[in-house]
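Protein chains: 2
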Amino acid sequence: MDIRQLFLGDQLNQEVCIRGWVRTFRANRFIAINDGSCLANMQCIVDFEQVSEEVLAEINTGAAVEITGTFVESQGKGQKYEIQASNINILGVSNADDYPIQPKKHSLEFLREKAHLRVRTNTFGAVMRVRAALSFAVHQYFTQSGFYQVHTPIITGSDAEGAGEMFRVTTKDPEQNDDKPDFFGKETNLTVSGQLEAETYAMGLGKVYTFGPTFRAENSNTSRHLAEFWMIEPEVAFNDLEDNMDLAEDFIKSVLGYVLENCKEDLGFLDQRFAKEEAIKPEIKRSPMGLLERLQFVTQNQFKRVSYTEAIDILRNSKPNKKKKFKYNVDGWGIDLQSEHERYLVEKHFTSPVIIFDYPAEIKAFYMRMNEDGKTVRAMDVLFPGVGEMVGGSQREERLDRLVERMKSKDVDLKELWWYLDLRRFGTAKHAGFGLGFERLVLYTTGMSNIRDVIPYPRTPLSAEF
Amino acid sequence: MDIRQLFLGDQLNQEVCIRGWVRTFRANRFIAINDGSCLANMQCIVDFEQVSEEVLAEINTGAAVEITGTFVESQGKGQKYEIQASNINILGVSNADDYPIQPKKHSLEFLREKAHLRVRTNTFGAVMRVRAALSFAVHQYFTQSGFYQVHTPIITGSDAEGAGEMFRVTTKDPEQNDDKPDFFGKETNLTVSGQLEAETYAMGLGKVYTFGPTFRAENSNTSRHLAEFWMIEPEVAFNDLEDNMDLAEDFIKSVLGYVLENCKEDLGFLDQRFAKEEAIKPEIKRSPMGLLERLQFVTQNQFKRVSYTEAIDILRNSKPNKKKKFKYNVDGWGIDLQSEHERYLVEKHFTSPVIIFDYPAEIKAFYMRMNEDGKTVRAMDVLFPGVGEMVGGSQREERLDRLVERMKSKDVDLKELWWYLDLRRFGTAKHAGFGLGFERLVLYTTGMSNIRDVIPYPRTPLSAEF
Numbered sequence: 000m001d002i003r004q005l006f007l008g009d010q011l012n013q014e015v016c017i018r019g020w021v022r023t024f025r026a027n028r029f030i031a032i033n034d035g036s037c038l039a040n041m042q043c044i045v046d047f048e049q050v051s052e053e054v055l056a057e058i059n060t061g062a063a064v065e066i067t068g069t070f071v072e073s074q075g076k077g078q079k080y081e082i083q084a085s086n087i088n089i090l091g092v093s094n095a096d097d098y099p100i101q102p103k104k105h106s107l108e109f110l111r112e113k114a115h116l117r118v119r120t121n122t123f124g125a126v127m128r129v130r131a132a133l134s135f136a137v138h139q140y141f142t143q144s145g146f147y148q149v150h151t152p153i154i155t156g157s158d159a160e161g162a163g164e165m166f167r168v169t170t171k172d173p174e175q176n177d178d179k180p181d182f183f184g185k186e187t188n189l190t191v192s193g194q195l196e197a198e199t200y201a202m203g204l205g206k207v208y209t210f211g212p213t214f215r216a217e218n219s220n221t222s223r224h225l226a227e228f229w230m231i232e233p234e235v236a237f238n239d240l241e242d243n244m245d246l247a248e249d250f251i252k253s254v255l256g257y258v259l260e261n262c263k264e265d266l267g268f269l270d271q272r273f274a275k276e277e278a279i280k281p282e283i284k285r286s287p288m289g290l291l292e293r294l295q296f297v298t299q300n301q302f303k304r305v306s307y308t309e310a311i312d313i314l315r316n317s318k319p320n321k322k323k324k325f326k327y328n329v330d331g332w333g334i335d336l337q338s339e340h341e342r343y344l345v346e347k348h349f350t351s352p353v354i355i356f357d358y359p360a361e362i363k364a365f366y367m368r369m370n371e372d373g374k375t376v377r378a379m380d381v382l383f384p385g386v387g388e389m390v391g392g393s394q395r396e397e398r399l400d401r402l403v404e405r406m407k408s409k410d411v412d413l414k415e416l417w418w419y420l421d422l423r424r425f426g427t428a429k430h431a432g433f434g435l436g437f438e439r440l441v442l443y444t445t446g447m448s449n450i451r452d453v454i455p456y457p458r459t460p461l462s463a464e465f
Numbered sequence: 000m001d002i003r004q005l006f007l008g009d010q011l012n013q014e015v016c017i018r019g020w021v022r023t024f025r026a027n028r029f030i031a032i033n034d035g036s037c038l039a040n041m042q043c044i045v046d047f048e049q050v051s052e053e054v055l056a057e058i059n060t061g062a063a064v065e066i067t068g069t070f071v072e073s074q075g076k077g078q079k080y081e082i083q084a085s086n087i088n089i090l091g092v093s094n095a096d097d098y099p100i101q102p103k104k105h106s107l108e109f110l111r112e113k114a115h116l117r118v119r120t121n122t123f124g125a126v127m128r129v130r131a132a133l134s135f136a137v138h139q140y141f142t143q144s145g146f147y148q149v150h151t152p153i154i155t156g157s158d159a160e161g162a163g164e165m166f167r168v169t170t171k172d173p174e175q176n177d178d179k180p181d182f183f184g185k186e187t188n189l190t191v192s193g194q195l196e197a198e199t200y201a202m203g204l205g206k207v208y209t210f211g212p213t214f215r216a217e218n219s220n221t222s223r224h225l226a227e228f229w230m231i232e233p234e235v236a237f238n239d240l241e242d243n244m245d246l247a248e249d250f251i252k253s254v255l256g257y258v259l260e261n262c263k264e265d266l267g268f269l270d271q272r273f274a275k276e277e278a279i280k281p282e283i284k285r286s287p288m289g290l291l292e293r294l295q296f297v298t299q300n301q302f303k304r305v306s307y308t309e310a311i312d313i314l315r316n317s318k319p320n321k322k323k324k325f326k327y328n329v330d331g332w333g334i335d336l337q338s339e340h341e342r343y344l345v346e347k348h349f350t351s352p353v354i355i356f357d358y359p360a361e362i363k364a365f366y367m368r369m370n371e372d373g374k375t376v377r378a379m380d381v382l383f384p385g386v387g388e389m390v391g392g393s394q395r396e397e398r399l400d401r402l403v404e405r406m407k408s409k410d411v412d413l414k415e416l417w418w419y420l421d422l423r424r425f426g427t428a429k430h431a432g433f434g435l436g437f438e439r440l441v442l443y444t445t446g447m448s449n450i451r452d453v454i455p456y457p458r459t460p461l462s463a464e465f
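Note that the protein sequences, when read in sequence, are chains A and B. Residue numbering for the first sequence follows numbering that gives the first Met the number 0, beginning at 0 and increasing consecutively. Residue numbering for the second sequence follows numbering that gives the first Met the number 0, beginning at 0 and increasing consecutively.
Treat the hints with care, since some could be wrong.
Where chains are identical, the list cannot tell them apart; a pair therefore holds if satisfied intra-copy or between any two copies.
List of simulated lysine-lysine pairs, DSSO-like, C-alpha gap at most 30 Å [as the list claims (entries may be wrong)]:
1. LYS113 - LYS407
2. LYS171 - LYS414
3. LYS409 - LYS113
4. LYS321 - LYS407
5. LYS185 - LYS171
6. LYS284 - LYS326
7. LYS414 - LYS103
8. LYS407 - LYS171
9. LYS280 - LYS326
10. LYS374 - LYS323
11. LYS113 - LYS185
12. LYS113 - LYS414
13. LYS280 - LYS322
14. LYS321 - LYS347
15. LYS104 - LYS414
16. LYS179 - LYS409
17. LYS326 - LYS409
These aren't lab readings, by the way, just hints derived from the structure by calculation.
With the hints as extra help, turn the sequences into a complete structure.
Below you can see the structure in the form of structure tokens.
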């Protein structure tokens, strides 16, 4: 029986059997067992006179054990229930000298090198359970809202998506001069986004979403970038940018609400962890809110919505800009916002998630709908404190002539995207969607500071271990 | 408002507005609108004297329209409700001469070339909605059963998984002699299975599952193989093979039960389609059951469980074997079962899903647990009528010495899988899991006959369009 289920208390004073891994063994008497089903360990009380020396010697941190005994209310402090063990069965030993995950604080860097074992720690157990809960919340939200999940292709024959550098997929050996034809008979890459294919499904099923891995072959060694990450991309026929902003906001609030409701124990632990991490930072860098506090803040407050033009005005007149404290000075309309600018807007000016919309066409992708002003497009970014851009989206250009014009001006191959243009030839209609980087959502929700710590096996430049 | 919601009937005699695509327009009076939210079209009644010639001329199959009117009980036969249109707004035209999806029967082959538009047909709309429902059912089943989803890596530095030919992932150009170092600093491939990484998480979180894309670079041009497909892989600490079989059976029954309950309209349509397709087959090739009938049969009957050794006996003594009708004659213990053998067992002998277990070690992967007989391993395959192997799984070899022995005998690199071996060094315990090919489940559930027709954009040898 899972420890999580036992903690519901239904089995009181009954004989139970649990299996899990030893976290600690104190005073030849108290074994703390964790089975991963929840954060809390089950305390098992051993009568050491009834247990052989050999078995006692093998109750080490990391050992797998099966314990039978009576499930009772705990006499001691610190736990509500415990098991009076009547039998201990060592399933798999763990040599205390060799096992890397000892009951002490390990650095996150050290644990990254032990990524196959780090989920056995409190922190990573909590992070990965919250990650799984967020993932389920995504599927539940969209399903209940009438969306259909679409599995868009991972290997793509198109390199026109324009969202970034791509990885090549091949059956040829790049080390050798290899004359055999490639598997697909042409150049193929790993997708950077399922959006274009999702649009084809939105224009048939109405409301769809993707939730799959996407890839960037960019040499970005930062705490916010991965070469392989999971992305959620809803796409809705007949939606405009306003609807799109409403959907993004409602979606984020809903999935955060789900984990606040369903992950109380793990989030409580991560909240304490976050507070400790914040406490050792210099005051100016500290988060103004605790982890739980900021999650509740997001679910309870409206995101600020501000046009790019208004955002530029705020930045231009801001103290750091006037005092030349930004690395990139904000002096005119049309510049791409840098991370420092986004942080100022989100963390200093609005102290709230912010949606910036109507960006200059010049700095945005070809498929975004041109506004009547002829110079801005119906784009939106949702910015979050700490993690920056969580969502990027737009209303799509549904007018064939405008789209062709934009593609030409951005050097996008019209022939390759014949099928994308077909959507504008046959029953075109306004539609909109966005992409949300799932790991950034997990990062924000768990209060971790490096994106490598919220995905089981991170892929980054020069690193593809495990 | 979605047509699916409208059909609930709450808006009776109210003014409503729908948006969707014209399926047919009859007698200048009856427009059938589909918005993808459900199979059924909404019939809209036009008073053509109130509508301009220009608008009437643009109400063609495939056009996107917005229709406002009164939602009433239908006077005619064939539908319960209809809309008395008061206003028609053409959002996007569709030239009848050019639009490929006309209201007639198109071949599946033709529609595969129009994969960006085929979801606008009844068949593909139904298939893809059922696919989405199955996908959600998977997440719901595991979440409610206390499993945590794990996102195992897609790009893998390991080629030791041994499940098949792999695609190379590289930032080098295989057409050029390129001296720059590769992105990850070593050879990387697309994963063929998340199992080994999922095992690391099962040994920390207890019960986990993956649901992600996997890849095979095999030149298999069959109706049951894809180069890119989605796989579901649960992995459970402390489970043995018996538990694993129970889980596979319960899981499949549960997700089929979900769609039987939640996709009645689409499955009803696919049931009729299946009956028509079967009717034109020669009698000997016809399915003994209808589509809905066979889905209900699976949910209501126990899967047959038979050891490999028993299966060989059945096959050896079977009529087709004695009459030399099999392409591969079954004459001795140890052979790998061919598709014709599996079909005989499933479709002729048992007429039911079958679980075959305890296969010869020789023909199975290195990580499967050796039985006491020293020649069979705790493997299992779940075979389904029509689609063959739906599930492959095993209890894993948890004993370090046995595992090392097996890896050596199968030439698997011990150094590369140091982390996998670590699981057997620190707190090892029995555990088991399986992989289910999601498209084969969709194939079985929808009664389609080619796996290319149950995934939006199929990837097969020489084909990576869209």
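Taking the hints in turn, this is what the structure says about them:
no.: 1; hint: LYS113 - LYS407; result: between (49 Å within a copy, 24 Å between copies)
no.: 2; hint: LYS171 - LYS414; result: both (26 Å within a copy, 25 Å between copies)
no.: 3; hint: LYS409 - LYS113; result: between (44 Å within a copy, 26 Å between copies)
no.: 4; hint: LYS321 - LYS407; result: neither (39 Å within a copy, 68 Å between copies)
no.: 5; hint: LYS185 - LYS171; result: both (11 Å within a copy, 15 Å between copies)
no.: 6; hint: LYS284 - LYS326; result: within (18 Å within a copy, 72 Å between copies)
no.: 7; hint: LYS414 - LYS103; result: between (59 Å within a copy, 28 Å between copies)
no.: 8; hint: LYS407 - LYS171; result: between (33 Å within a copy, 28 Å between copies)
no.: 9; hint: LYS280 - LYS326; result: within (23 Å within a copy, 72 Å between copies)
no.: 10; hint: LYS374 - LYS323; result: within (28 Å within a copy, 75 Å between copies)
no.: 11; hint: LYS113 - LYS185; result: between (39 Å within a copy, 19 Å between copies)
no.: 12; hint: LYS113 - LYS414; result: between (47 Å within a copy, 15 Å between copies)
no.: 13; hint: LYS280 - LYS322; result: within (25 Å within a copy, 80 Å between copies)
no.: 14; hint: LYS321 - LYS347; result: within (15 Å within a copy, 82 Å between copies)
no.: 15; hint: LYS104 - LYS414; result: between (57 Å within a copy, 28 Å between copies)
no.: 16; hint: LYS179 - LYS409; result: between (34 Å within a copy, 28 Å between copies)
no.: 17; hint: LYS326 - LYS409; result: within (28 Å within a copy, 57 Å between copies)
Figure legend: structure checked against the earlier numbered hints; the only hint not met is number 4.
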